[in-house]
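Chain by chain, the residues:
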Amino acid sequence: MSRVSHHLLFCALACALGIGAPVAIATPHHAATNDNDAILGKPIKAVLTAPPMVPPPTNRTAPAKVIVELEVVEKEMPISNGVTYNFWTFGGSVPGSFIRVRQGDTVEFNLKNAHDSHMPHNIDLHAVTGTGGGAEATFTLPGHQTKFTFKAMNPGLYVYHCAMPPVGMHIANGMYGLILVEPPQGLPKVDKEYYVMQGDFYTEGKYGEPGLQPFSLEKAIDEHPTYVLFNGAEGSLTGDKALTAKAGETVRLFVGNGGPNLVSSFHVIGEIFDKVYTEGGSKYQENVQTTLIPAGGSAMVEFKTDVPGNYILVDHSIFRTFHKGTLGILKVTGEKDSSIYTGQQSSMESPPAGKSGH
Amino acid sequence: MLTSTLWLVLLATSSPAASPAAYVEIPGGAFRSTIRYEGNDGDRVVADFALMQQAVSDREFQAFVLQHPQWRRDRVPALFADSGYLSHWQADDAPDPLDAERPATHVSWFAADAYCKAQQARLPDWAEWEYVAAADPQRRDARTDPVWRNRLFADGTSRAVDAAGNAPANAYGIRGLHGASWEWVGDFSTLLGDSDKRGADDGDRLQFCGATGLSFNNRDDYAVLKRVALLSAMQPRSTLGNLGFRCARSRP
Numbered sequence: 001m002s003r004v005s006h007h008l009l010f011c012a013l014a015c016a017l018g019i020g021a022p023v024a025i026a027t028p029h030h031a032a033t034n035d036n037d038a039i040l041g042k043p044i045k046a047v048l049t050a051p052p053m054v055p056p057p058t059n060r061t062a063p064a065k066v067i068v069e070l071e072v073v074e075k076e077m078p079i080s081n082g083v084t085y086n087f088w089t090f091g092g093s094v095p096g097s098f099i100r101v102r103q104g105d106t107v108e109f110n111l112k113n114a115h116d117s118h119m120p121h122n123i124d125l126h127a128v129t130g131t132g133g134g135a136e137a138t139f140t141l142p143g144h145q146t147k148f149t150f151k152a153m154n155p156g157l158y159v160y161h162c163a164m165p166p167v168g169m170h171i172a173n174g175m176y177g178l179i180l181v182e183p184p185q186g187l188p189k190v191d192k193e194y195y196v197m198q199g200d201f202y203t204e205g206k207y208g209e210p211g212l213q214p215f216s217l218e219k220a221i222d223e224h225p226t227y228v229l230f231n232g233a234e235g236s237l238t239g240d241k242a243l244t245a246k247a248g249e250t251v252r253l254f255v256g257n258g259g260p261n262l263v264s265s266f267h268v269i270g271e272i273f274d275k276v277y278t279e280g281g282s283k284y285q286e287n288v289q290t291t292l293i294p295a296g297g298s299a300m301v302e303f304k305t306d307v308p309g310n311y312i313l314v315d316h317s318i319f320r321t322f323h324k325g326t327l328g329i330l331k332v333t334g335e336k337d338s339s340i341y342t343g344q345q346s347s348m349e350s351p352p353a354g355k356s357g358h
Numbered sequence: 001m002l003t004s005t006l007w008l009v010l011l012a013t014s015s016p017a018a019s020p021a022a023y024v025e026i027p028g029g030a031f032r033s034t035i036r037y038e039g040n041d042g043d044r045v046v047a048d049f050a051l052m053q054q055a056v057s058d059r060e061f062q063a064f065v066l067q068h069p070q071w072r073r074d075r076v077p078a079l080f081a082d083s084g085y086l087s088h089w090q091a092d093d094a095p096d097p098l099d100a101e102r103p104a105t106h107v108s109w110f111a112a113d114a115y116c117k118a119q120q121a122r123l124p125d126w127a128e129w130e131y132v133a134a135a136d137p138q139r140r141d142a143r144t145d146p147v148w149r150n151r152l153f154a155d156g157t158s159r160a161v162d163a164a165g166n167a168p169a170n171a172y173g174i175r176g177l178h179g180a181s182w183e184w185v186g187d188f189s190t191l192l193g194d195s196d197k198r199g200a201d202d203g204d205r206l207q208f209c210g211a212t213g214l215s216f217n218n219r220d221d222y223a224v225l226k227r228v229a230l231l232s233a234m235q236p237r238s239t240l241g242n243l244g245f246r247c248a249r250s251r252p
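Protein chains in written order, with full-length UniProt numbering: chain A, 1 to 358; chain B, 1 to 252.
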């Protein structure tokens, strides 16, 4: 047999066995165009961000091996003005660190549980295809770390959360976040991207009662939250922490709902969502006022900020907003455009009701 | 197999321990455990036994280590203790003297078991531990009180009801069961569930804890659920900074 036919035979065998073509034979072109082939290049360490920030787009045309390193931290943080809570967190924030990968990526997930944690924790990523979403594989004692690897098969915006018993309590204490699996072509370019995640919280004390507030199991079971919040604290998206954009910019909000109990009627006062990727999936609806986000679910909303102003993020199940804290602000600066919105044009006393003409 | 053989060797070389710790007689009784072993959701009967009034302290554990130097952290076989074993001590055979009265932590199940055996005692069973821990200072079973139950969420942290040194004893006269440290039990490995704990493959019965026939009689008792979650995460050689132990004795 000639040398050539040896090569052909080897290639045929490799293909039949589903093995990626050996390096000696593969051409760069072949390797770069097939997502199912071997992972290209060196592993990439994932950039993780605390809310409301989002890691930059992956800007990759091919899958990679991505390493995620996330640490569970239990810590006391403000939940409202003068009120603190013992949060359990992924990465030190509520919601947890935002993770961004690309469809086809092989993700090596490393979960660390801080030495001073008092409980074991794990993580169930809804982006994972496989038993427990990784929860089984990441059963992690305080002061330990675990690792598992998954392939990001489906594009979309997915919730992750702790799934240790008592599961409800781990979620109620803030153990959730979002992982974005970009489609191969990436998401359409926008000017600003932000991370907003709702959660309901249950404390022994009433809304606003100062001091460290313990978790209330009774309220959690009854689904009567004391606080309903964006990004884990009242005021996390207001004042100098408001989200910002300039008039004319396009904004994408990655919106999640950690629950544990409530679904969200997500709305931005004064804006219409040009697009809503419903339930964080691949299809979008257009021209939406309010979108429903289930507990353990998400949505991507996109809109252009046409005119300046303060646009208020709310849960339009509206008593939550003004009595339990679900309020954020997107501050848009720039030139006014009275062809779109004038503001108040006049204010006067209306004429008294006319006497009956008869 | 290797483990148990080595274990017997160690046991044979250990000698009786010195300092007698205070034990409290616990009258047995029928008891509805929060957790349910397969096929048994009725009362369990706990026989009379005795339980250490408080958790074994670093100072007491040091006395044991000095008498049984095979349990020093620089000599203990890796089979019996992980790298965290006594890692908070200032020397291989000495805790920080300022903290020596605090419950001994960073102790593996093997080491705790050896300690108790050296006292002619044993680790309490889960059922015994839970039976006594159901008490608050006034009542032998305070578990139906939601206020009491909620306070137990802080178990294993410095905010725990028994974390303060001057916390009152419970109705049996036992101290510190709901302290800043969790406690080993002898049969902790029977608490093992699957590591996901949501029992995805076996429906309702396993909704709260794993696949080894364990479930919960009382879904409101999240405090105990946290404890079981922690204990079931352990290997017998594992150690934690907030996991200690105390010993028990059966009635002769």
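I should point out that these hints are in silico values taken from the structure, not numbers from a laboratory. Backbone N, C-alpha and C fix where the C-beta goes; we use that ideal spot for every residue, glycine too. Do not rely on the hints blindly, as some may be mistaken.
Beyond 10 Å from chain A on every Cβ pair, some chain B residues (computed) [said to hold, decoys possible]: (1) Q120; (2) P146; (3) A154; (4) A164.
Simulated coverage check for chain A against chain B, where a stretch passes if three residues somewhere in it have a Cβ under 8 Å from a Cβ of chain B [as the list claims (entries may be wrong)]: (5) 43-54; (6) 116-122; (7) 208-217.
DEER-style ranges, computed between Cβ atoms [stated by the list, open to error]: (8) B:R251 x A:I221: 34 to 42 Å; (9) B:G29 x A:Q145: 39 to 47 Å; (10) A:Y207 x B:A78: 22 to 30 Å; (11) B:A47 x A:D116: 49 to 57 Å.
Check your understanding: For which of the previously enumerated hints does the structure constitute a violation, in increasing order of number?
Key -> Of the numbered hints given earlier, those the structure breaks are 2, 3, 5, 10, 11, listed in rising order.
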